[in-house]
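Using the sequences and the hints, build the whole thing.
Going by this note's numbering, the letters in the sequence shown line up with residues 1 to 57, in that order.
Just so you know, these hints were derived from the structure itself, not from any lab. Please read all numbers here as calculations on a predicted model, not as lab measurements. Possibly wrong hints are sitting among the right ones.
Calculated pairs, EDC-like style, for lysine to aspartate or glutamate (alpha carbon to alpha carbon, straight line, at most 20 Å) [to be verified]:
| # | residue 1 | residue 2 |
| --- | --- | --- |
| 1 | K4 | E31 |
| 2 | K14 | D27 |
| 3 | K44 | D27 |
| 4 | K4 | D40 |
| 5 | K16 | E2 |
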Amino acid sequence: MEAKIGHLRVSIFKIKNRCGYAAICHDHVTEGQTPQQAYDRMCKALRRTNRKDLIDK
1 MEAKIGHLRV SIFKIKNRCG YAAICHDHVT EGQTPQQAYD RMCKALRRTN RKDLIDK
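Written out as structure tokens, the structure reads:
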């Protein structure tokens, strides 16, 4: 499954050896019980990284 956050592409897939889903985007990996939860956690991870980059500059 493919989704987008802004211009970034998010790949969401079922994890084979675990019960749940993973999302990969822009050097981030998140896990969730459902595809939507993995996507929501990815949004939060990207927000946190963007905020950190702005503070460092």
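Hints, verified against the model:
1. K4 x E31: holds, 17 Å
2. K14 x D27: holds, 18 Å
3. K44 x D27: Distance of about 14 Å is within 20 Å: holds.
4. K4 x D40: Cα-Cα ~12 Å, so holds.
5. K16 x E2: holds, 18 Å
In the structure shown, no violation is registered for any of the earlier numbered hints.
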